[in-house]
Amino acid sequence: MTDPQMTGEIERRLASLRNRFPDRFTEPQWEEIREDLEQLVQAAATLRQRALDNADEPDFTFVP
Amino acid sequence: MATREFAYLSIRELGKLLRAGETTPTELAEYFIDRLETVGRRLNAVVTVTRERALREAQLAEAELAAGLDRGPLHGIPYGAKDLLAAAGYPTTWGAEPLREQRFDFDATVIARLRDAGAVLVAKLGTVELAGGMGYEQPNASLTGPGLNPWNLDAWSGGSSSGPGSAVGAGAVPFALGSETWGSILTPSSYCGITGLRPTYGRVSRFGGMVLSWTLDKIGPMCRSADDCGLVLDAIAGPDPNDPSTSPERFRYRPEDEPTQGFRIGVLEESLETAQPEVRANFEAALGVLGEFAHLEPVTLPDFPYNETARLILSAEAASAFEEMLHSGILLGLTAPEDRTGGYAGLTIPAVDYLRAMRIRRQARAALSALLARYDAIVHPATAVVASPLSMRFDDYAGKGRRLPLGSAGNLAGLPAISVPNGFGERGLPTGLQLVGAAGSENRLLAVARAYQARTDWHLRQPPL
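Sequence order for the protein chains is Y and H.
Note that the working numbering has the first sequence beginning at 144, numbered continuously upward.
Note that the working numbering has the second sequence beginning at 9, numbered continuously upward.
Here chain Y stands alone, though its shape is the one from the complex:
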């Protein structure tokens, strides 16, 4: 992951998880979580490359 914006996003999310679960994981486990975050941030970046119109609705239906 070389894109500084994506790297920053991963680090921010990792810091948020470390804050929520301060004593839960070892450093090797945090590294695994960082790799999972990298995949999710990369996937989101791929999806943002696809143009969407204001009218493009999400694929679920709310039935009151």
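Keep in mind that the hints were calculated from the coordinates and are not lab data.
C-beta: ideal position from N, C-alpha, C; glycine also.
Treat the hints with care, since some could be wrong.
[To be verified] Which residues of chain Y face chain H? A few of them, derived with a C-beta cut under 8 Å, are: (1) M149; (2) R156; (3) R161; (4) P165; (5) R167; (6) F168; (7) L180; (8) L183; (9) L195; (10) N197; (11) E200; (12) P201.
Use these hints to put chain H onto chain Y, whose structure you have.
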């Protein structure tokens, strides 16, 4: 009747024996319980043998059939259910060591429907822990150990419906219920040489089953043949007020209303270069057979980021579904080390990322629907590789071919799919042919699969156990 004859008979063949008085539901239940306790346990396919319930249901079926009350083709037929489906009074472990003693006091809707059809629950079958939702990367990811493949005991059974795959493949149950969020019926079906049907999203109630992803989870039959899958789907499908995702439309399996030839089939050649040579060769040979009764033409999938979209939706929904468990720390007791950390990243997904994925999903679904309106089915290998060795991580064995695009596309769009055996690959392991159809087209998809199985005998082969 000799042992092996019961073990690999179809549902219709077992039904004929029952109605001819050549066996009884109790004899069948005891026979398959014995297979489960021996062969099934050896394959790590069994979590719990439901002996008391099985014998009770078998005795009831026996009395009803003797009295002339016939509940249909599943009456008196034993089956197993993936252990993320609740069965009253028995442990429902979700494959997870920390949930070893979890019990529910009701039956999942699909279990209740099979009970009403007269089927006999003989076992809760193995599953990858939490249906693989924490991102397992190797076979040893269940409280019952790695699922072993009946065709090669040094190979994995596939997942996450590991127990249903290997138990049906080994003749330890005539059929089983599995579930699929992203590949969990088709993969073990392909790896174990059986026929597995992923129904249209909403066709079958998930009530009483573990939730991994509300918008991706499906429950379906894993059997010896397409015809068996149709018989089981007929019994379990239909609306359920307890599952708001279920379609109001009823489903009836009607093979007699479907053609046996003249189908129009789209051949997806994308990503074939990532498949093992034997998988490609078996796919080409299958196309030759399909060409005897169908018109084949090449197709390409509409261009969408299927894998990335599915990954974001699944990760966000799984993180929400398991949020309490993630916070409690209970998942640190899971078997696979990677599953102890695997769900946490999903907790950070912004709502806008999830919604973008769902907006793209709607476009992808519409594009795939338009494509499938022109075909009875699209075909592709079920998996790019045969089952991995027990000792290897999936990515080390399968490389970039691990996720074929039709799997994520079909699951994202909620499309039905079936995997039928189409030969063998390296280390004597089965390969599978995947057929995907338009939403709601299970009868047509099953007709294509039946026509293929009428001309081949891969689904009749028996592993060297």
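Each hint tested on the structure:
1. A least Cβ separation of about 13 Å between Y:M149 and chain H goes past the 8 Å threshold, and the interface hint is therefore violated.
2. With 8 Å as the threshold, the beta carbon of Y:R156 comes within range of chain H, its nearest partner Cβ sitting at about 4 Å, so the hint holds.
3. The criterion of a C-beta within 8 Å of any C-beta in chain H is not met by Y:R161, whose closest approach is roughly 10 Å, and the hint is violated.
4. The beta carbon of Y:P165 is not positioned within 8 Å of any beta carbon in chain H (closest approach about 12 Å), and the interface hint is therefore violated.
5. The interface hint given for Y:R167 holds, since its Cβ lies 6 Å from the closest Cβ of chain H, which is under the 8 Å cut-off.
6. Look at Y:F168: its Cβ gets to within about 6 Å of chain H, closer than 8 Å, so that hint holds up.
7. Proximity of Y:L180 to chain H holds as hinted, the smallest CB-CB distance being about 5 Å (cut-off 8 Å).
8. The criterion of a C-beta within 8 Å of any C-beta in chain H is met by Y:L183, whose closest approach is roughly 6 Å, and the hint holds.
9. At a threshold of 8 Å, the smallest CB-CB gap from Y:L195 to chain H is about 5 Å, leaving the interface hint in force.
10. With a least beta-carbon distance of about 11 Å to chain H, the hint placing Y:N197 at the interface is violated under the 8 Å criterion.
11. Annotation: Y:E200 was flagged as interfacial toward chain H, and the flag holds, the nearest CB pair being 6 Å apart, inside 8 Å.
12. Hint status for Y:P201 relative to chain H: holds, with the closest Cβ pair at about 4 Å, below 8 Å.
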